[in-house]
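Take the given structure of chain A and dock chain B to it, following the hints.
So you can see what is in the structure, the chains are spelled out below.
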Amino acid sequence: MTDLTSTVVRLKLSLLSNGLRQSGGRRAAFVVSAVVAVLFALLELLGLLALRGNAHAEAVAVPGTAVLALGWAVLPLFFPTGDETLDPTRLVMLPLRPRPLVRALLAASLVGIGPVYTLLVLAGCALAVAHGAAGYAVAVLGVALALLVCVALARAVATANVRLLTSRRGRDLAVLSGLVIAIGAQLVNFAARQLGSAGLGQLQPVADALGWVPPASAVAAVRSASEGSYGTAVAQLAVTAAGLAALIAVWARSLTRLMTAPDGSTLQAADAGAQGRESGGLGRLLPGGRTGTVMERSLRYIWRDPKTKAAWVTSLAIGLIVPVFNALQGTGSVYFACFASGMLGIQMYNQFGQDTSAFWMVAMTISSPRDAYTELRGRALALLLITLPYTALVTVVTAAVLGSWPRLPEVLGLAFAVLGAMLATGAWTSARFPYSIPQEGHKNVAAGQGGLAWLSIFGGMVAAALLCAPVIALTIWLNLSADGASWRWLLLPVGAGYGTALTLLGLRLAAPGTAARLPEILTAVSKG
Amino acid sequence: MTEAAVRVRGLWKRFGQQVAVGGIDLELPAGKFIGLVGPNGAGKTTTLSMVTGLLRPDEGTVEIVGHDVWRDPVAVKARIGVLPEGLRLFERLSGRELLAYSGRLRGLPGAEVDKRATQLLDVLDLAGAQHKLVVDYSTGMRKKIGLAAALLHNPEVLFLDEPFEGVDPVSAQSIRGVLERYTASGATVVFSSHVMELVESLCDWVAVLAAGRIRATGTLAEVRGAHPTLQGAFLELVGASGRDAGSDLDWLGGGAAR
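Chains A and B, in that order, give the protein sequences.
Numbered continuously in numbering that gives the first Met the number 0, the first sequence closes out at residue 527.
Numbered continuously in numbering that gives the first Met the number 0, the second sequence closes out at residue 257.
Rather than coming from a laboratory, the hints here were simulated on the basis of the structure.
Using N, Cα and C, we set each Cβ at its ideal position, and we do this for glycine too.
Hints may contain errors.
[To be verified] On the chain B side, residues computed to face chain A include the following (Cβ under 8 Å):
no. : residue
1   : R55
2   : P72
3   : Y100
4   : L197
[To be verified] Restraint ranges, calculated between C-beta atoms of paired labels, are given here:
no. : chain 1 : residue 1 : chain 2 : residue 2 : range
5   : B       : P227      : A       : R89       : 36 to 42 Å
6   : B       : S200      : A       : G450      : 20 to 26 Å
7   : B       : P28       : A       : G18       : 55 to 61 Å
8   : A       : V396      : B       : N39       : 55 to 61 Å
Next up, chain A with everything else stripped away, as it sits in the complex:
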């Protein structure tokens, strides 16, 4: 161990222990997460050991290693502040050569809960497929290589993106992380159910392909050696080693560039000019006056504000996942497509809370119920620009998967009625029950306003369901009556018309309340 390597490893250890010394809460959190991680790793290790001799052991162990590596690649992007030694710009003033620095940083990243967890799981993966002396020998080498690949991958990704991670954009990305995990969980859940019904054998082709991708290739090499295909094993180990070398080379290069180039804070955003031009085009397509101005700002915020974007992506994803995935599994009904319009309609709720205290800029320009009506209508129109085509798309896809084309018009009509009811109740509750959305962290309600948020969203949803009752009743009646089938297409114009009427009525009712309560709304949304 060279001097630098031991120094950096000791630095990492002191950073860890100093972090723990700061507060009892942090110490407890560290101990708990360490215990949980090790227990979890041991459970996985036992599970993988139980697979020994099973025909599908490789189908689990090889993709498992790949998933582990994926985690290493993605996590530093979402938790950039987790490891200060990951930020090489802190070492920029020291006279260090890239080669020893890379070696030292690689060694330091092997210290921590994550590497221990990874080591245990990798060992499980290797042992699940290892047999005979050659197999175990390759397993030792393979696990070491795979662990280094994981760590080098994390370092390479983090270093390549360090400008992003230390900037405002990086913090914006962190707000989205919870969302990626939530949607990822939905997909994993779906995949697990598919596997449960179809069996692990399905993964075999995936495992065969990943067997040549580092670091999964290291585990595949263990399997090849155990089966006596020594040539394949050596080739797979070589692929892993080559992958490790490539990662380290990429990392060293971006490290050198990072430590010799100017700091990110002194550089201006280069794409700023392009951004301005592109949005000018958007403005031209929208109507003039306050309506277009409000729509343009709302649409920009959906894309640029991390909180708004997270809420939208959640709604769009869940609105698609619930009807379509249920349909794919054959358990759904085409009526589930209304879920999409319901989920998207939620975005109309707490409109002014989404503005944060910047609502004062809106309040200063609202002097009459007419102004408030135009403001709310602009917001509803911006929302409809996305929700109308999306609702139609989800409904068509669900109908296509289930093959129930005859029901498409009535489901679309029902979905539009639901959307209209959500917009109407959303506009009204925006004016009556505004609450703050904190801009930092994962919370969507400011302290003390949780009850208000629940009341407005759930009360609003119940009210929306009641408002839709006539259309629902008509749907049921047309489905039960003898010659109803020939008249069910009528539900499309009826639903769409009813939804439009509800929206206009909701906006009309919300406008006077908004105009009369501007200071109260501003106070309510300024707590974040």
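Quick look at chain B alone, frame taken from chain A:
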């Protein structure tokens, strides 16, 4: 200029037990550069919020150029520009987009908004950063873009809450230049501050606020009275001039290291 720009009568605001503003009567002359001064917590922000219609008073009336703020918002909101303290802007817009948004929201024609925005961005030295998102602006740049948004519709009365707080000297000078040009044309500026030197060099009319009440109003000379500086007059008015730390800390100082 016989009419008062702002006329406040019996203004009260309580937050729970605490009286933030305790009965303010105030008449601010039109066409002047007016400083609202007071220590932290004096009620400056609360008063300005109520005067501009962003906070509802418990009691009292506010008239701006003869129009009641709460009964005639159409007339008032078109005539005032506001730069509040502690409230956000639409920070996910670029500087230019923010001006375009706020001008069009006020019903100005698009071409006119763009022309005025270009000029304001130039004068306030923001042209280079006009396509950057406001969230990435420094404090000084935020104050300047907020000022530009407040001036865009050419208001009669401009209310600025701590416009120089946290602003570097260069930005402060460009803000100052714009404000001086604006008042020279006969418009009224009301701004709050606790930096007396600044108020003294900028304002021709001063109102001193402490503990939610007006302690003195008038021209700079009237409020200053016998004191050589506004600072001295201010400390006496808010009852802080007697607190001389001299005798208690007699051990403090260079020389005898003990």
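Hint by hint, where does the structure go against what was stated? Just the numbers, ascending.
4, 5, 6
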